[in-house]
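Number of protein chains: 2
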Amino acid sequence: MPHVILLGTLDTKLEEFRYLYDRLSLAASQSTKTPLKITLIDCGREPATDDRISITHEDLVAQHGDGTALTDLSRGDVIKYMTQCVKRCVSDLVKNENVHGILSAGGSGGSSLASAVMREAAPIGMPKLLVSTVASGDTSPLVGETDITMMYSVVDIAGSNQLLRNILNNAAAAMVGMANAYESLLQEEAQNADRTRMRVGVTMFGVTTPGVDKIRRHLEERHGAEVFVFHATGHGGRAMERLVQDQKLDAVIDLTTTEICDHLMGGNMSAGPERLEAALKAGIPNLISVGATDMVNFGPKVSVPSHYSDRQLLEHNPTVTLMRTTPEEAKKIAHFITNKIKTCAKDPSKVQVWLPKGGVSMIAVPGGPFADSTADEALFQALKDGLKGSGVEIVEDERDINDAGFAVDVAERLVELIRSLEHTTYNVGSV
Amino acid sequence: MPHVILLGTLDTKLEEFRYLYDRLSLAASQSTKTPLKITLIDCGREPATDDRISITHEDLVAQHGDGTALTDLSRGDVIKYMTQCVKRCVSDLVKNENVHGILSAGGSGGSSLASAVMREAAPIGMPKLLVSTVASGDTSPLVGETDITMMYSVVDIAGSNQLLRNILNNAAAAMVGMANAYESLLQEEAQNADRTRMRVGVTMFGVTTPGVDKIRRHLEERHGAEVFVFHATGHGGRAMERLVQDQKLDAVIDLTTTEICDHLMGGNMSAGPERLEAALKAGIPNLISVGATDMVNFGPKVSVPSHYSDRQLLEHNPTVTLMRTTPEEAKKIAHFITNKIKTCAKDPSKVQVWLPKGGVSMIAVPGGPFADSTADEALFQALKDGLKGSGVEIVEDERDINDAGFAVDVAERLVELIRSLEHTTYNVGSV
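Chains A and B supply the protein sequences, listed in that same order.
Take 1 as the starting number for the first sequence in the numbering used here and just add one per residue.
Take 1 as the starting number for the second sequence in the numbering used here and just add one per residue.
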């Protein structure tokens, strides 16, 4: 039986969530699946009353709060507190019951609560749909690295009108469809539990795309691997590390570590200070390279911080400005990498660092706008110095990061590392 | 029979769209509805070959192109050209056949093509779902004022892996669910074609919310109206005007015209130069006020253009900075409004301009941070001067825009205007 959680801020939107609930039931009645189970959680600032509520506000706070009296909190703090309660509640539901989807609807406040719960209490892959007044704009604070689906409500989510009913009706039906399909997929996966295809994550950027494409095709065609390619936009690095933590990836080719530059230098594609840690801590085969570490990403040129105004800036397009990293910054990047490896690597023999000395990106090759052999040399030397005695192999290669031969060698060395695993069960032979 | 259009850039993503197509069919087989009709359009830069294709690349270009040879165009121009062809093709399908949803998936290029088609060739309300690598970020160029639903792909949409299959599977199932529900909704609507509830659009901003809430409740509770509230974020104004053009609204209370400030002064919530035109041209009952014209919206304070650095700026929060409009700017705003009224009003007797002299926003009342009687007076005087001889009634009211009595009077005057329509069929009596 498919099971959907409905997160409702019922103190202000009871009518709208009653409608969503009833349309979920209606859509489910048109499916061949067994009846839908709906868990409606009352997530508002104050309790509401309705027969449809599965987990009341009182129970939510009593079972998942820390005993703080809501009346002691400011309006903003009540929302934060409720968000924590709902996260714990949904985490428990996901852990202890089969859950096949989470649905909510709200303005900016409700979207913030619901998306935090969806991001942190549910796995990637489980359907998550949020109807929101703020979905036509910057959704990254809401979606982050996850697969939350955002439906713009067009009108305010208040009262009832033809358009709002139409949109909420679409949302309810989408959720029923997804929950049914997700339940079926989980059953399919359980039946195919003797999985033998290795799952490899690879990080990519526009300027490393030819190399990554070659790696992907080589691993797929020659070794029957499943390759997951992540755009190194900040979200991509985080998503890959999250999947490693969830044991959804068996090995990693972290070819494009440019997010480290943005973290250190204040660019807009940082994946945070924990980048690189997940795969190192997991001890899975892990090839790290320095793709696109020649650049820090900013938005429109006017948005580049003023202390960088005298730097080499490349306007990629009106909304993307790239800054060439300096030798000093290259050393910081190298230090970040070597420090993570030395402090986090569970098994250094599974880690390799690859240095494409012919150029770390498509535009850092000789003659390219970001060609800078001094910065590159500083990067490579600092990496070599920093990894002395670490037990991690460094592979120096004269080719550039997009060279097809380099890509094949990277892929083959990863396969070797995987084959060297004790009790390997992956089919990594030629296919 | 539900009918879904699948927009596929098949030259680069044939495998992925074959999977989507097959999962659409599978999801449909688990529904109680009659079989799903899928129209797969080959939208890539070059033709692809597959049995599933309904409208081939050749047919698309032959029937919807202007005769230009694709080989004469640059790579970028091919995409623009194909976008135009697909728009015309989908417009024809929507006009001549029943269509219940549009689905696509792509990277930044594919998302741009598919979203342009969804925005411009399909009505608001029809399910539109786009799986995209760029959905966790600024979606406004893609979604605009429409209800396009964005699903972040987490991984690159290339090849096949567990996660990508999971996400595409969710998307296909969501689309089948929505298409079924939308078909049912259209049938319900057709049966209820003797609609008598008037549909009123109202524009709102945070600083006019109390007034709009009061108007909405009054119209709903006293007059049985369906009230559509639009956030004046740029998208909201455009959405309201689009619904007026589509004859989905019978009357408008354009209480919050702040988007005009952003259009004229370069703020980030402009609804474009055609704001106000749709309702005036339609000749429907139309009450215009000047809500939140005390402010121009910008992002973080550092993003305010330097030529405004000496102006009165209010940091609403870290991502929103408001600039108080000056008397000179107030005159420009008034000129924009009076000019639109004089050039576009089909029936001036249906238009009224309301001046809340006690304050045009929550923060422009006496003692508020944006209180400025000189600017307000300049605005009101320029409106009165500009509308002399126009036949449009101006209502001067000493109360502020959020005053409950003001809200009720605005609502009642709209109802009077509606009642004065010849052959009115709306039930606007007390309920």
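Keep in mind that the hints were calculated from the coordinates and are not lab data.
Accuracy of the hints is not assured; some may be wrong.
Pairs count within a copy or across copies, as identical chains cannot be separated in the list.
[Unchecked claim] Simulated pairs of lysine-lysine, BS3-like, Cα-Cα distance not exceeding 30 Å:
no., residue 1, residue 2
1, K95, K80
2, K214, K80
3, K346, K388
4, K80, K301
5, K37, K357
6, K87, K214
7, K33, K346
8, K384, K332
9, K80, K332
10, K301, K281
11, K248, K346
12, K33, K388
13, K95, K301
14, K80, K346
15, K33, K87
16, K87, K342
17, K37, K281
18, K301, K87
19, K357, K388
Status of the hints after comparison with the structure:
Proximity of K95 to K80 under the C-alpha cut-off of 30 Å is restricted to the intra-copy arrangement: shortest distance 23 Å within a copy versus 48 Å between copies. Taking the closest pair of Cα atoms, K214 and K80 come within 30 Å of each other only across two copies (28 Å); inside a single copy the shortest separation is 46 Å, beyond that limit. Only within a single protomer do K346 and K388 lie at most 30 Å apart by alpha-carbon distance; the minimum there is 17 Å, versus 80 Å between protomers. Proximity of K80 and K301 under a CA criterion of 30 Å is satisfied inter-copy only: 26 Å between copies versus 36 Å inside one chain copy.
For the identical chains of this complex, K37 and K357 are neighbours neither inside a copy (57 Å) nor across copies (53 Å), given an alpha-carbon limit of 30 Å. For the homomeric pair K87 and K214, neither the shortest alpha-carbon distance inside one copy (41 Å) nor that between copies (34 Å) is at most 30 Å. In this assembly of identical chains, the alpha carbons of K33 and K346 never lie at most 30 Å apart, being 45 Å within a copy and 54 Å across copies at closest. When the C-alpha separation of K384 and K332 is checked against a cutoff of 30 Å, the pair qualifies only within one copy, where the shortest distance is 13 Å, while the shortest distance between copies is 64 Å.
Proximity of K80 and K332 under a CA criterion of 30 Å is satisfied in neither setting, with 36 Å inside one chain copy and 43 Å between copies. In this assembly of identical chains, the alpha carbons of K301 and K281 never lie at most 30 Å apart, being 38 Å within a copy and 40 Å across copies at closest. For the identical chains of this complex, K248 and K346 are intra-copy neighbours only, at 18 Å inside a copy versus 62 Å across copies, given an alpha-carbon limit of 30 Å. For a Cα distance limit of 30 Å, the shortest separation of K33 from K388 qualifies neither inside one copy, at 59 Å, nor across copies, at 66 Å.
For the identical chains of this complex, K95 and K301 are neighbours neither inside a copy (46 Å) nor across copies (43 Å), given an alpha-carbon limit of 30 Å. For the homomeric pair K80 and K346, neither the shortest alpha-carbon distance inside one copy (36 Å) nor that between copies (50 Å) is at most 30 Å. With identical chains, the CA atoms of K33 and K87 are at most 30 Å apart within one copy only, with a shortest distance of 28 Å there and 36 Å across copies. When the C-alpha separation of K87 and K342 is checked against a cutoff of 30 Å, the pair qualifies neither within a copy, at 34 Å, nor between copies, at 55 Å.
When the C-alpha separation of K37 and K281 is checked against a cutoff of 30 Å, the pair qualifies neither within a copy, at 38 Å, nor between copies, at 49 Å. Neither within a single protomer nor between protomers do K301 and K87 lie at most 30 Å apart by alpha-carbon distance, with minima of 39 Å and 33 Å respectively. In this homomeric assembly, K357 and K388 come within 30 Å of each other (Cα to Cα) only inside a single copy, at 19 Å, whereas the closest approach across copies is 75 Å.
Comparing the model with each earlier hint shows violations of hints 5, 6, 7, 9, 10, 12, 13, 14, 16, 17 and 18; every other hint is respected.
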